[in-house]
Amino acid sequence: MASLHVLANPARFRRFSQRVLPALSIVTALVLAVGLWLALIESPPDYQQGETVRIMFIHVPSAWLSMMGYALLAVLGASLLVWRHPLAALMARGAAPVGAVFAAVCLLTGSLWGRPMWGTYWVWDARLTSMLLLFFLYLGHIALSRAYDDAERGDRAAAILALVGAINLPVIKFSVDWWNTLHQPASVMKLGGPSIDPSILTPLLVMAVALLLLFIVLVLLRTETEIDRRRLEAAEMLA
Amino acid sequence: MSGFTALLARDLRLVWRRPGDVMVVLAFFVVATVLFPLGIGPEANLLARIAAGILWCAALFAALLSLERLFAADYEDGALDLLLLAPWPLELAALAKCLAHWIVTGLPLALLAPLMGLLFGLSGEGLLAVGLTLLVGTPALSLIGGLAAALTLGARRGGALLALLALPLCVPTLIFGTSAVESVAMGEGFLTHLAILGALALLSLATLPWAIAAALRQAGE
Amino acid sequence: MTEFEVSGLSCRRGGRPVVGNISFTLARGELLALTGRNGSGKTTLLRALALLVTADAGGIRWQGTDVRHDRDGWRRRIAWLGHLDGLKGDLAVRENLATACHLREASADRVDDALAAFDLAPLANRAVRTLSAGQRRRVALARVVAADAPLWLLDEPLNALDGPSQAALRAALASHLAAGGLAIAATHAALEVPNARVLELA
Chain L
-18 MASLHVLANP
-8 ARFRRFSQRV
2 LPALSIVTAL
12 VLAVGLWLAL
22 IESPPDYQQG
32 ETVRIMFIHV
42 PSAWLSMMGY
52 ALLAVLGASL
62 LVWRHPLAAL
72 MARGAAPVGA
82 VFAAVCLLTG
92 SLWGRPMWGT
102 YWVWDARLTS
112 MLLLFFLYLG
122 HIALSRAYDD
132 AERGDRAAAI
142 LALVGAINLP
152 VIKFSVDWWN
162 TLHQPASVMK
172 LGGPSIDPSI
182 LTPLLVMAVA
192 LLLLFIVLVL
202 LRTETEIDRR
212 RLEAAEMLA
Chain B
3 MSGFTALLAR
13 DLRLVWRRPG
23 DVMVVLAFFV
33 VATVLFPLGI
43 GPEANLLARI
53 AAGILWCAAL
63 FAALLSLERL
73 FAADYEDGAL
83 DLLLLAPWPL
93 ELAALAKCLA
103 HWIVTGLPLA
113 LLAPLMGLLF
123 GLSGEGLLAV
133 GLTLLVGTPA
143 LSLIGGLAAA
153 LTLGARRGGA
163 LLALLALPLC
173 VPTLIFGTSA
183 VESVAMGEGF
193 LTHLAILGAL
203 ALLSLATLPW
213 AIAAALRQAG
223 E
Chain F
8 MTEFEVSGLS
18 CRRGGRPVVG
28 NISFTLARGE
38 LLALTGRNGS
48 GKTTLLRALA
58 LLVTADAGGI
68 RWQGTDVRHD
78 RDGWRRRIAW
88 LGHLDGLKGD
98 LAVRENLATA
108 CHLREASADR
118 VDDALAAFDL
128 APLANRAVRT
138 LSAGQRRRVA
148 LARVVAADAP
158 LWLLDEPLNA
168 LDGPSQAALR
178 AALASHLAAG
188 GLAIAATHAA
198 LEVPNARVLE
208 LA
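Line by line, the protein sequences are chains L, B and F.
Just so you know, this note's numbering puts 192 at position 211 of the first sequence, and the rest follows in order with no gaps.
Just so you know, this note's numbering puts 211 at position 209 of the second sequence, and the rest follows in order with no gaps.
Just so you know, this note's numbering puts 206 at position 199 of the third sequence, and the rest follows in order with no gaps.
Be careful, since some hints might not be right.
[What the hints assert, rightly or not] Facing chain L, from chain F, some residues (calculated, C-beta under 7 angstroms):
1) Arg19
2) Gly21
3) Gly22
No lab work stands behind these hints: they were computed from the structure.
Idealized CB from N, CA, C, for every residue including glycine.
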């Protein structure tokens, strides 16, 4: 993995990112356009839920990406603590808000999706509750990394938190599922039936890819920002 | 005398010299518990059903109150440097600190909570469930809280940040602790819940001392 | 005979280089005084020698072996005096010293001698929080003496000490060095110990 180690230098990464971003952004926009068209126009409305099922095309990929984002934070955390890659710290700082936003989008779309069905803006469904806790873990990571005047101290503390959080996430999910079955025998959210119809699967996967590309673009952009910010701070201190 | 024993004895002796610190935490637990019926209403059936949740949440908040000082005192007077320089594993030192915290906070809470449970009309077996689940569950809270305390040493807004970090990680323990009492109310046993709480405690024991030690080393850098 | 050798040690803090390429050797019976202005990296260098701070580059060797290969062994060999005293206010003076020895997993035999060296015997049973800053600094120094470690790492040991206490420190240093010990002290003021070498940090 020599090429990955080369990228671990923030300055080199920034040059790489600047070269890649324009093309990547265009591809992202295209895939997003295709995905949205498929989701909003092409695919049929659900016979039970009507048009609102279309929210699912954003809700489900957001859930996947927010979980992937936290796994990324854990990997970056491990790489910071073990190999002291400076880029790992900066990318974690950049990626955490992006993952948090996807978690928030998942919660909001879940709430909007549920309103017509349940009549309220929130139910304590197992998956939504787990996502809410994941959102809190993101908030903790973001707050901790920015709680110190010495930015590197914040980075390393957040890295430890990300690793502990990642180990705990399955435990949290397990306990919330248990809690939910205790108090609510039937799961409320269904994707649209026992088997997923291909007419729903294709738009879902296209949206998933589109949002993944968007995630990558946003993380690259934010990492560039963090690299610049760290350089500015270093320059200020020397001045 | 091993370093672990010396540290544990020192911390317990320090608490013994200032018992007020612990008393305040227990008093907070009592006041917080009593606040709920005042806020919700004295209907006996309702109170009996939500007793477990209230007792556990109040215990959680009370434990969090005392966690902020767990490492902060050593950080502020320079004793933390001496712990970092001790010639035996820092992970054991972290464990000794969390154990001391549990002895003066978790253990008294586990004994006090069933008494408060009387105010909520819990059955005898329910009271036993409250006491035992807190006894088995609070060690994990001390370890998780210890990690949050170590991570926030010297941070701005340390207290609130500590709660933000610790509470989501405490959710599994909270869920199984409270569901044990509800299980009793439904006429079933709570041994499974106790076993799961024990497993959670063991998981914390197997992972968190290393994380706490890593966080303490960061604080010394 | 070179007991202690540092080569090319560098440390960064907050991204800035704070300690740059420091090298020196120290033999038994020698004292090294670190001088320099505030912010010149004296404390960081001491903390790096104690392995409290991870250095970016360079080697630290004790009797030829890198100290990082046996960290616990290294910790047994050093006695530390930082900016802060490291004392517990609610414990008595003697309790503080005894606990400090037990936390190093060492016996507390030398506590009484250490108390006597700094004229602390009359204060032995007083809680540390009732002492003045100068008295607490003496207790901290007594802790170093009681530790029975070959290398002393001292950060501003003369701070807050009055005339008699400074003399007591010099006497303690002298007998430590005479017994074959080593010491590195960061200091503003002159230590006035014979044969002290000086390393100025820019």
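Each hint tested on the structure:
Using the Cβ-Cβ criterion of 7 angstroms, the hint placing Arg19 of chain F at the interface with chain L is not satisfied: the shortest such distance is roughly 9 angstroms. With a least beta-carbon distance of about 5 angstroms to chain L, the hint placing Gly21 of chain F at the interface is held under the 7 angstroms criterion. The closest approach between the C-beta of Gly22 of chain F and any C-beta of chain L is roughly 5 angstroms, which is under the 7 angstroms cut-off, so the hint is satisfied.
The structure fails hint 1 only (numbered hints given earlier).
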